[in-house]
Amino acid sequence: MVLSVNKLSPRKIARMGLLMAAALILSWVEAVLPFQIPIPGVKLGFANIITLVVLYQYSFPTALLFGILRVLLSSLFLGRLSGVLFGLCGTLLSVCGMAFLKRCRCFSSLSVSAAGAILHGVGQLTVASVLLTPSVWTMLPLMGISSAFCGIITWIPLKILGRYEVVFPSDGGKSLNKD
Amino acid sequence: MREKVKIWDFVLIAILVALCLSVWFLPKEQGNTVSISVDGTVVAVKNLDQDAVVDLSDGTQVLVENRTVRVVHSTCPDHLCEQMGKISACGQVILCVPNRISVEIRGEGVDGLVG
Amino acid sequence: MKRILCLLCAVCLFFLSGCSARTTEAQTWAYDTLCTATLWGGTDLAAVFSSAAAQGQSLLSEDGLKQFTASRDGDALQISSDLFKILNQAGILYTMTDGVFDLTVAPLSELWSVNTATRPPDGQSVEECLDLVDFSSLTVTESSLTFAKKGMGIDIGSVGKGYGADYTVTALKNAGATAGIVSFGGNVALFGTKDGTPFRVGIRDPKGEASEYFGVLSVTDTSIVTSGAYERYFEYTETVYHHLLDATTGYPRQSDLLSVTVICADGAQADMMSTALWLMGSEKGWALYETLQKTEGFLPAEVIFVLEDHTVRVSDGIRENFTLTSDEYTLD
Chain X
331 MVLSVNKLSP
341 RKIARMGLLM
351 AAALILSWVE
361 AVLPFQIPIP
371 GVKLGFANII
381 TLVVLYQYSF
391 PTALLFGILR
401 VLLSSLFLGR
411 LSGVLFGLCG
421 TLLSVCGMAF
431 LKRCRCFSSL
441 SVSAAGAILH
451 GVGQLTVASV
461 LLTPSVWTML
471 PLMGISSAFC
481 GIITWIPLKI
491 LGRYEVVFPS
501 DGGKSLNKD
Chain G
3 MREKVKIWDF
13 VLIAILVALC
23 LSVWFLPKEQ
33 GNTVSISVDG
43 TVVAVKNLDQ
53 DAVVDLSDGT
63 QVLVENRTVR
73 VVHSTCPDHL
83 CEQMGKISAC
93 GQVILCVPNR
103 ISVEIRGEGV
113 DGLVG
Chain Y
12 MKRILCLLCA
22 VCLFFLSGCS
32 ARTTEAQTWA
42 YDTLCTATLW
52 GGTDLAAVFS
62 SAAAQGQSLL
72 SEDGLKQFTA
82 SRDGDALQIS
92 SDLFKILNQA
102 GILYTMTDGV
112 FDLTVAPLSE
122 LWSVNTATRP
132 PDGQSVEECL
142 DLVDFSSLTV
152 TESSLTFAKK
162 GMGIDIGSVG
172 KGYGADYTVT
182 ALKNAGATAG
192 IVSFGGNVAL
202 FGTKDGTPFR
212 VGIRDPKGEA
222 SEYFGVLSVT
232 DTSIVTSGAY
242 ERYFEYTETV
252 YHHLLDATTG
262 YPRQSDLLSV
272 TVICADGAQA
282 DMMSTALWLM
292 GSEKGWALYE
302 TLQKTEGFLP
312 AEVIFVLEDH
322 TVRVSDGIRE
332 NFTLTSDEYT
342 LD
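Residue numbers (the numbering used here), protein chains in the order written: chain X, 331 to 509; chain G, 3 to 117; chain Y, 12 to 343.
Simulated from the structure, these hints should not be mistaken for lab results. Just so it is clear, the structure is predicted and the values come from calculations on it, not from any experiment. Just to be clear, a hint being listed does not mean it is correct.
To be verified - Dumping the calculated BS3-like pairs for lysine-lysine here, alpha-carbon to alpha-carbon at most 30 Å:
| # | chain 1 | residue 1 | chain 2 | residue 2 |
| --- | --- | --- | --- | --- |
| 1 | X | Lys342 | G | Lys6 |
| 2 | X | Lys489 | G | Lys6 |
| 3 | X | Lys432 | X | Lys342 |
| 4 | Y | Lys96 | Y | Lys160 |
| 5 | Y | Lys218 | Y | Lys184 |
| 6 | G | Lys88 | Y | Lys218 |
| 7 | Y | Lys96 | Y | Lys295 |
| 8 | X | Lys432 | G | Lys6 |
| 9 | G | Lys8 | X | Lys489 |
| 10 | Y | Lys305 | Y | Lys96 |
| 11 | G | Lys8 | X | Lys432 |
Turn these sequences into a full structure, and let the hints guide you.
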């Protein structure tokens, strides 16, 4: 998988480090914003932009690992240990779903982003329904709408970044993976 | 970026949102009891028709008033549970994730009343 | 692409599959009260319910309440075997309560008419009426009932609803109903379960509004009846006169109980027991309950007493199935 020595080049490590730093900063920005949405599973999802970048640049296993690390690191970084399990589940479901949808050629990154946001919420609600109460599913409609909305909003920066070859190379990422 | 937004994107988003909205169409039962749980265990059950104040052991306070329920005071860092406001319909929940507290109006009311 | 849509459809169906089972809601008027039912299974259950309610009524009496009255001294009436059984139980309760519970209290109830009255009857009328209240003067055989004096009567209303609920449950089961909960003016009878979970029945809070309950019973296949002074009463010059009369004095009985709930397979028995136990008060009432449990002719039953100091006493057999939901009351 990802950790085979061949693929883990210094360049890749450096890039991943930068991306992780960017993701953590975005998580922090999101956390210190003056308003918070009281529905569990709904966040603006800024950090999801970075996860998508990793997914499109590299591979699904890389993105999955990246997502998991991001959740763990941002929990430590922000001091929010109680939400770790929720975040992990959400990210797992989200990344898997996004990778699956990306493989199907008919979806562009727009719906992948939106679907990722929704699936993240679904993952969090699932943990909540097990640890707390199944009644949390009543929040699913609101979560769905706001997550879809956030997913679309966060896709815009992605599209902007995409203009730059360095983010979405025209050769499908082969040049990045090689070195 | 070479990628183009396609019609399937909107189809997918629409389907996913519709799936989420489907919860609103499920049949609903009468809700008459307020069930407060900590860590998945029910610690208090109150009648929705009776005004009451519930003080939990960690300091969180729940108020039942005029057939609505809300969290008046909480000890968690973000106080999101207080911001959630009032719930009054069966199935609705207020959650305090850091404290693992859930306050819900139970869908299982009673099937009948004797007396 | 097709694979995705199929997958999404499957997920969609999965979400929507949580629909509730088909139920029939039925309503009818009998025993001078509204009778309702929520039923599962079977076909055309609403019609069965209505006709059974009417039929059950006529088995006991010609047109429902208090129609078993003597039009002359020594008047004899035909009775059904069900009524014979009820009269036997009533006789035992009459003896055990030293006459306080008396099924022949009909003329007295009529005099008080707590439903519609605004003032109590005068002492003279009550005295005269008491002459007509005497269960021991009845002659009961398996098929007939003979009244000693003209004007005497059986208060069918005090057992009718419990009996009627049971009767309709039998009819509904015969019509193919798999589960149901029936309420005859607050007397509940239920059978079967909702997908394996027992029915939850709230017990009315004696100090609250009609829809408020202080506790919930989780039961299957039984009848439940609750009696209390709060059901029917009127106020006159700051005194409350309720419908539970002491047949020995002719006046509403003072009791330290707010309500008595009886859970028993026999609805008519539950109906009479709940009244008799309430009349006896908490101490004697509980003793009477324990005696009845060992008395032949009475089915086993469970009880819940609510005392005026807001303590709730629950009999052992039903303790596990009862949950207190109001903090205005405490479990004994």
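These are the hints, each one checked on the structure:
1. X:Lys342 - G:Lys6: holds, 28 Å
2. X:Lys489 - G:Lys6: holds, 10 Å
3. X:Lys432 - X:Lys342: Given pair X:Lys432, X:Lys342 holds - Cα atoms ~22 Å apart, limit 30 Å.
4. Y:Lys96 - Y:Lys160: It holds: about 23 Å lies between the C-alpha atoms, which stays within 30 Å.
5. Y:Lys218 - Y:Lys184: Distance of about 35 Å is beyond 30 Å: violated.
6. G:Lys88 - Y:Lys218: holds, 27 Å
7. Y:Lys96 - Y:Lys295: holds, 25 Å
8. X:Lys432 - G:Lys6: Answer holds: X:Lys432 to G:Lys6 is near 13 Å, not above 30 Å.
9. G:Lys8 - X:Lys489: It holds: about 14 Å lies between the C-alpha atoms, which stays within 30 Å.
10. Y:Lys305 - Y:Lys96: Roughly 17 Å separates the two Cα atoms, so the pair holds.
11. G:Lys8 - X:Lys432: holds, 13 Å
Hint 5 from the list above is the single one not met by this structure.
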